[in-house]
Amino acid sequence: MNAPTSHRERRVHLNTAGVGRMPTAVRDVLTGYARHEDRYGPYELEEQFEEVLQTQIHERLAGLLNVPAADTVLFTGAAAAFDSLVSRIPLGPGDRIWTTPYESAAGLTTLYALRDRTRCRIDVIPLRASGDLDLEWMAAHIDEGVALVSVTHVPSACGIVNPVEAVGRILAPYRCLYAVDASHAVGQLPVDAARIGCDLLTGDGWRFLRGPQGVGFAALSPRLRATLAPDGVEPWIRPQSAAVAALNTALAHHAADATGADLLPELRATIAEVPGIELIAPGEVQSGILAFQHAELPAALIRRRLAAHGVVVWKTVAQELPLYLPGRDVSTAVRASVHHDNSPQDVALFGEALRQVLREERTRTLSAARGLGAVRAAGEGGFPQQRGGGQRHLTLCPAS
Numbered sequence: 003m004n005a006p007t008s009h010r011e012r013r014v015h016l017n018t019a020g021v022g023r024m025p026t027a028v029r030d031v032l033t034g035y036a037r038h039e040d041r042y043g044p045y046e047l048e049e050q051f052e053e054v055l056q057t058q059i060h061e062r063l064a065g066l067l068n069v070p071a072a073d074t075v076l077f078t079g080a081a082a083a084f085d086s087l088v089s090r091i092p093l094g095p096g097d098r099i100w101t102t103p104y105e106s107a108a109g110l111t112t113l114y115a116l117r118d119r120t121r122c123r124i125d126v127i128p129l130r131a132s133g134d135l136d137l138e139w140m141a142a143h144i145d146e147g148v149a150l151v152s153v154t155h156v157p158s159a160c161g162i163v164n165p166v167e168a169v170g171r172i173l174a175p176y177r178c179l180y181a182v183d184a185s186h187a188v189g190q191l192p193v194d195a196a197r198i199g200c201d202l203l204t205g206d207g208w209r210f211l212r213g214p215q216g217v218g219f220a221a222l223s224p225r226l227r228a229t230l231a232p233d234g235v236e237p238w239i240r241p242q243s244a245a246v247a248a249l250n251t252a253l254a255h256h257a258a259d260a261t262g263a264d265l266l267p268e269l270r271a272t273i274a275e276v277p278g279i280e281l282i283a284p285g286e287v288q289s290g291i292l293a294f295q296h297a298e299l300p301a302a303l304i305r306r307r308l309a310a311h312g313v314v315v316w317k318t319v320a321q322e323l324p325l326y327l328p329g330r331d332v333s334t335a336v337r338a339s340v341h342h343d344n345s346p347q348d349v350a351l352f353g354e355a356l357r358q359v360l361r362e363e364r365t366r367t368l369s370a371a372r373g374l375g376a377v378r379a380a381g382e383g384g385f386p387q388q389r390g391g392g393q394r395h396l397t398l399c400p401a402s
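Our numbering numbers the first residue of the sequence shown as 3 and each following residue consecutively.
Worth flagging that the hints you see were computed from the coordinates, not collected in a lab. For clarity, every value in this text was computed on a predicted model and none was experimentally measured. There's no promise every hint is true.
Restraint-style ranges between C-beta atoms, simulated for each label pair [stated by the list, open to error]:
hint, residue 1, residue 2, range
1, Ala231, Pro128, 32 to 38 Å
2, Pro224, Tyr42, 34 to 40 Å
3, Gly43, Ser132, 41 to 47 Å
4, Thr120, Glu286, 32 to 38 Å
Note that beta-carbon positions come from the ideal geometry of N, C-alpha and C, so glycine has one too.
With the hints as constraints, model all of the structure from the sequences given.
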């Protein structure tokens with residue numbers, strides 16, 4: 003665990019969806035390889051540790067994703083992999099791209115640039131009332147005009163688990179390429195690229211896999227490789243060797259870890275029982291990521307106050323999911339994520355800290371109002387009604 007704070011004997015880390023805590027063994031490899039490269043240079047490092055950097059890492063990715071080792075490629079991150087590969091898919095004016103309301107801003111940037119260059123069309127798969135993808139709509143509308151389908155397995159700003167295997171079965175008889183962003187799924191959920199039936203699967207090494215930042219990966223089908231030939235699929239910018247070696251160790255550490263208890267129901271119940279809290283949790287199947295809003299307090303303030311109490315969460319903003327969050331009147335939210343290295347005690351401490359933060363802010367706001375001689379009627383959560391004019395967040399929503 004990290005060093006204790008003045009408020010807690012331990013720091014509670016509930017932001018693995020952002021940056022996972024590297025195990026000690028992973029951190030030691032990262033620093034050791036970096037020192038070696040600093041002393042001897044990158045070429046000597048690559049020669050001495052060729053087995054790790056060129057073979058072992060790909061074998062471990064292959065085991066994690068259930069693909070041949072030769073089908074894996076290293077990138078600096080999932081977004082870089084998606085942009086590098088998808089942007090070169092040869093499409094034309096008669097082709098259609100399908101994406102979902104849960105597509106990330108980075109993914110949409112790549113897809114809109116591809117559309118503008120090739121004059122193809124982008125359609126957004128509709129959602130059912132529950133927030134789940136409408137698979138019946140997909141089955142009814144799929145045809146040979148659909149050339150590319152992009153689905154996020156687990157979105158960054160809410161914890162829905164999209165049915166990527168069911169989508170793959172719908173698409174299998176057709177010619178379309180199928181891309182899956184598994185950045186927030188791999189490491190916390192089983193991710194089997196063969197069962198999914200996708201042509202491209204991308205992921206980051208620093209989230210639930212708890213490797214270092216700056217290294218990610220892609221798994222490509224032979225069909226996608228053939229589509230992108232003769233330019234090849236290797237990235238222009240490769241991840242640093244120290245980061246690759248550390249991810250290799252993280253993959254070994256992940257394979258040895260026990261699954262651990264499922265803390266999602268406990269986390270959900272802890273958040274839901276706090277007055278004034280609204281969960282952002284679409285879909286029938288959820289992962290270990292939950293986002294929420296408070297009726298009165300901004301997400302940034304809650305995040306800062308929780309950090310002061312030794313609890314690490316994240317503030318997510320609408321432009322992370324431009325096709326989903328703005329339409330639901332969400333500009334910012336707090337995101338908490340649990341992993342197998344968390345414990346029930348972590349969730350309990352988080353709930354205690356959240357309630358304490360709300361009590362402190364209620365007292366602070368009421369005291370300030372009394373000091374101004376302008377106490378207004380308090381709402382249900384005990385916070386005075388606030389006038390408009392607070393901080394606003396710009397949301398960028400590209401035209402469809």
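Now for the hints, and whether the structure bears them out:
no.: 1; hint: Ala231 <-> Pro128: 32 to 38 Å; verdict: holds (35 Å)
no.: 2; hint: Pro224 <-> Tyr42: 34 to 40 Å; verdict: holds (38 Å)
no.: 3; hint: Gly43 <-> Ser132: 41 to 47 Å; verdict: violated (55 Å)
no.: 4; hint: Thr120 <-> Glu286: 32 to 38 Å; verdict: holds (36 Å)
In terms of the numbered hints stated before, the structure departs from hint 3 and from no other.
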